[in-house]
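Engineer: Residues per chain are reported as follows:
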Amino acid sequence: MNDQLIIAVTAMASAAVTMALGAIGAALGESRIGAAAMDALARQPDEASSITRTLFVSLAMVESTAIFCLVIALILLFANPFTATTAG
Amino acid sequence: MELHIFDDPVLMRLGPVPITETMVTSAIVTVVLIGLGAVMGSRVRSGRSDLLSTLALMTVESFDRLVEDIVGRRQTVVATIAATFFLFIAGCNLAGQLPGVHPATGSLATTSALAVLVFFSVPIAGIWSNGLWGYLKHYFRPNPLLMPLHVISELSRTLAMSVRLFGNIMSGHLVVGLLVALAGFLVPTPMMALDLLIGLLQAYIFAILSTVYIGAAMSVGEE
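Note that the protein sequences, when read in sequence, are chains A and B.
Sequential numbering from 1 applies to the first sequence in the numbering used here.
Sequential numbering from 1 applies to the second sequence in the numbering used here.
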């Protein structure tokens, strides 16, 4: 029981840290992409469709790091191999 | 509240084969898409200019132009692959908005299968357009020492594609479920609207990324 408690507390704390750091990194990266795309759109309005497509693809690729962190956090919380006895 | 994040609820069993909710959802989406495609195709072939045939022509034309922008020339096969990925993934994502339906792309099995399809399409397309030796040569450029990195990048982008699609759709569905459980009726509506956007966007990104990877494999000999 005591070991299980320690594992559960550690899993929750590490899920929180994972999510926090992952969100910070993705937010900084996405803000830079957005600013660069605005800059490019202001300079070359004719290239809007190409810039927008590249913008969305880059945003999704950067955001996927945050999504990986989310998946890892959910694995820690709901599919943790070390607390397999409690998982439904 | 029961959470199905990494597992699929099994509806019934056919002998040793479990029939999961994901399989049923994706099969229904496939049947609807094929039926719609058949109807649209017959409308286009009969020469009538109504809503469905115009929609079909617009879809095909936009994917042809997308592939032309990325690959550099018209490639009907690549456009077909990209459009198939887009329509299937978008159909699954949007079907998840119906009440009681679990989106098929919110299961790691479906997204992994799609990513594995892309993983195998890349060398097939490369060999088809450059020949076996011409394609294999690009692994040893610019330096034979970089060969492991080429292999690792192909594996890791397959993993990234599957987990990206799965994570986006599953997290959107999970947030809506949590909001319904915590706050109740009508509160999750803005999140569901966001899910509609994210579902279409992720389908578009999957199609674009598969086109980029296949296009890069087809043009390895032209550097």
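No lab work stands behind these hints: they were computed from the structure.
Ideal Cβ positions, reconstructed from N, Cα and C, are used throughout, including at glycine.
Among these hints, one or two may not hold up.
Stated by the list, open to error - Where chain B lies over chain A, by a calculated footprint (3+ residues, C-beta under 8 Å):
#1 13-27
#2 67-79
Claimed, not checked - Some residues of chain A that are not near chain B, with every Cβ distance over 10 Å (derived):
#3 I33
#4 M38
#5 A60
#6 S64
Engineer: Now tell me, hint by hint, if it's right for this structure.
Structural biologist: We went through each hint and held it up to the structure:
1. 13-27: Answer violated; 0 residues pass the 8 Å Cβ test.
2. 67-79: holds (count 8)
3. I33: 14 Å, holds
4. M38: Holds, because the least Cβ-Cβ distance between M38 of chain A and chain B comes to about 19 Å, which exceeds 10 Å.
5. A60: Since the minimum Cβ distance to chain B is about 4 Å, A60 of chain A lies within 10 Å and the statement is violated.
6. S64: 4 Å, violated
Violation of the numbered hints given earlier is confined to hints 1, 5, 6; the remaining hints are satisfied by the structure.
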